[in-house]
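Visitor: Using the sequences and the accompanying hints, generate a full structural model.
Line order of the protein sequences matches chains A and B. Using this note's numbering, read the first sequence as starting at 1 and increasing by one per residue. Using this note's numbering, read the second sequence as starting at 1 and increasing by one per residue.
If you are wondering where the hints come from, they were derived from the structure by calculation, not from laboratory data. Treat the hints with care, since some could be wrong.
Unchecked claim - Below 16 angstroms or equal to it, Euclidean Cα-Cα: the simulated EDC-like pairs (lysine to aspartate or glutamate) are:
#, chain 1, residue 1, chain 2, residue 2
1, B, Lys244, B, Asp222
2, A, Lys297, A, Glu375
3, B, Lys244, B, Glu160
4, A, Lys229, B, Glu42
5, A, Lys27, A, Asp141
6, A, Lys229, B, Asp45
7, A, Lys229, B, Asp63
8, A, Lys263, A, Glu242
9, A, Lys334, A, Asp283
As the list claims (entries may be wrong) - Quick list of simulated restraints, FRET-style, between CB atoms:
#, chain 1, residue 1, chain 2, residue 2, range
10, B, Gly40, A, Gly215, 32 to 42 angstroms
11, A, Arg255, B, Asn87, 32 to 42 angstroms
12, B, Gly141, A, Gly215, 44 to 54 angstroms
13, A, Ala328, B, Gly131, 49 to 59 angstroms
14, A, His139, B, Asp239, 25 to 35 angstroms
15, B, Glu42, A, Gly344, 38 to 48 angstroms
16, B, Arg263, A, Thr243, 27 to 37 angstroms
17, A, Asp241, B, Gly141, 36 to 46 angstroms
We put the beta carbon where it would ideally sit given N, CA and C, even for glycine.
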Amino acid sequence: MASMDTDAHVGPVLMTGNEAVAHAAMKAGLGFFAGYPITPSTEIAETLSAMLPRAGGVFIQMEDEIAAMSAIIGGSLAGAKTLTATSGPGFSLKQEAIGYACLTEVPCVIVNVMRGGPSTGLPTLPAQGDVMQARWGTHGDHPVVAYCPERVEEAYLLTLKCFEVAERLRTPVMLLMDEIVGHVTERVIFPVKGAFEVTSNRETTLSPEDYRPYGYDQQLPPPLVPFGKGYRYHVSGLMHDETGFPSSDTANGDRELRWLMSKVENNREMVIDVELVNMEDADIMLFAYGASARSAKGAMRLAREEGLKVGLFRPRSIWPFAYDELKAAAQGVKAIISIEMNLGQLTNEVKLAVEGQVPVVPFFKVGGEPVLPAEILETIRGV
Amino acid sequence: MRAVDYDKYLRAAHVPHIWCPGCGHGIALKTMVRAVDTMGWEKNDVCMVSGIGCSGRAPGYVDFNSLHTTHGRAIAFASGIKLANNNLNVVVVTGDGDGVAIGGNHLIHAARRNLDITVLLWNNTIYGMTGGQVSPTTPLGCKATTAPFGNYEHSFNIAELVAAAGGNFIARGTVHNPIQLEKLMVQAFSKRGFSFVEVMSPCPTAFGRRNKLKSAPAMMQDLKDRSIPIAKALKMEPDDLDGKIVTGVLLDRDKQEYTDIYRNLVANLRGA
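Guide: Okay, here's the thing in structure tokens:
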């Protein structure tokens with residue numbers, strides 16, 4: 001397909017979700033990528049290994065998944081916008097360092113192209129089995145922000161969003177993309193050139209004497225001034241006070257954990273992103289995300305043709321979970337069909353959101369086959 | 001010894017350090033500060049990175065850009081820092097457990113890449129912070145809390161490991177001889193490429209008292225007795241070097257440095 005660049009957009013071009021992530025990261029100002037080969041995310045590294053050196057950025061293939069995650073935290077502390085990409089087994093290996101980035105409040109973006117698990121599982125087949133791991137994979141209470149695109153163009157847009165939220169909240173942000181979106185080739189149109197400038201939250205007006213890298217008196221964390229700019233502060237994975245130095249004071253530990261959680265909770269408007277379709281008159285609400293949501297949309301169209309009033313609630317932001325938005329959307333519906341390519345991980349969150357007031361019907365598919373609209377339609381008819 | 005203004009480098013609010021009486025790490029830290037001073041590095045341009053363990057606390061005491069990372073991963077974090085800001089002088093302080101057990105993979109790959117950082121491995125041959133478990137450098141037969149009948153594993157020769165992996169500069173010293181150690185650190189800091197100094201440091205608390213070296217002076221005497229300068233060691237039979245600590249510059253070469261290769265690539269691509 002011929003591409004056509006105008007003032008309004010770039011494209012259309014044909015691209016996979018993995019390639020779209022790479023292009024979006026460059027658009028966001030990516031300066032440093034560290035990764036490790038793993039199916040089905042490898043094309044992100046491959047694409048960036050060609051793009052980053054040409055742009056003057058740094059690409060490095062590290063010796064293992066842990067090293068890649070550690071390196072992007074280091075790179076971010078030195079001032080770069082940083083990214084890594086992986087899949088299930090690698091995501092497991094990265095978890096300790098992800099917790100480190102949470103506690104040390106270092107912005108970075110982690111892409112997990114989800115394949116069948118556990119263990120080596122089904123490396124080339126899709127799944128959505130890592131959504132709870134994304135929430136609780138690292139030890140201890142910690143904040144998590146994660147997005148899940150349903151198509152290639154959205155993979156691009158949500159990657160931009162990941163960088164934006166990571167910078168502003170100073171926390172690792174995840175893009176959970178199922179293998180279908182990662183590998184499908186679609187026609188995409190990139191948004192207006194220059195219209196999506198991603199924040200860079202690295203400069204302060206304060207002097208080194210007054211700067212507190214871990215200040216917690218504002219709704220948003222202070223900027224993270226890069227190493228080498230004259231602000232010689234300390235960063236530690238130990239609980240620390242607002243200067244960054246370790247503190248074993250229990251009151252400080254309580255304060256710090258609550259701050260980490262609240263900086264996400266208090267900025268839900270920035271983070272939460274949901275799509276509602278046909279919910280105005282819906283009797284049945286489909287809950288779906290990622291590629292499963294496209295099948296859900298197909299099933300919804302078929303059901304509507306049969307006169308069934310079916311709507312869709314689709315979270316683009318998986319974490320924090322959109323409890324309030326879901327509860328509000330579910331007012332008046334007779335049932336929710338929860339569609340996942342796992343055995344019910346987010347369905348428990350759906351049940352929590354509606355507090356038992358609406359029955360939640362499971363539609364779970366695992367083993368590596370994508371969800372089909374006709375299968376969902378069968379379930380809709382049965383409700 | 002040349003006078004150094006230590007107050008310029010130490011974070012007054014965060015000393016004294018937590019290391020045990022008789023621990024060699026204080027000498028290693030002081031020697032490192034002296035070497036930085038000799039280099040004339042601006043404090044803003046120095047980044048000190050550590051992992052977990054007794055050595056992990058070192059960066060918190062010195063007034064540089066300082067990073068205390070996860071167990072074993074200091075070199076991986078440091079690699080990210082160096083690649084994102086090539087102007088920083090990046091120094092990793094690690095230990096024998098942190099550096100060659102859980103973190104061994106990162107050590108050999110940073111050496112292979114010949115990345116321009118310096119790794120100071122403070123080797124006390126024991127897991128000190130957790131109370132004295134056997135480490136990859138605990139000598140055969142020595143006792144530890146997880147080797148109550150004596151260590152039945154062979155130990156690493158770390159310098160040989162780093163040499164085989166591709167490091168540009170490799171040296172070994174002891175805290176018994178801080179004058180030599182300072183010179184070795186200065187040479188390492190001056191070296192373009194991956195430089196490595198193994199610092200033998202006594203741990204009377206977790207190692208010595210289980211191994212007939214109960215006092216700090218006894219451990220220092222032991223370091224002295226076992227030390228052999230490299231020039232002398234080269235004339236000795238390998239069997240006669242068993243249990244000895246060979247000190248000095250063990251390897252010094254000039255492989256092309258990683259960021260130099262990468263920068264050339266970027267320049268060529270962008271110029272094309």
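Visitor: Are any of the numbered hints broken by this structure? If so, which, sorted upward?
Guide: When the structure is compared with the hints, numbers 5, 14 and 15 turn out to be violated.
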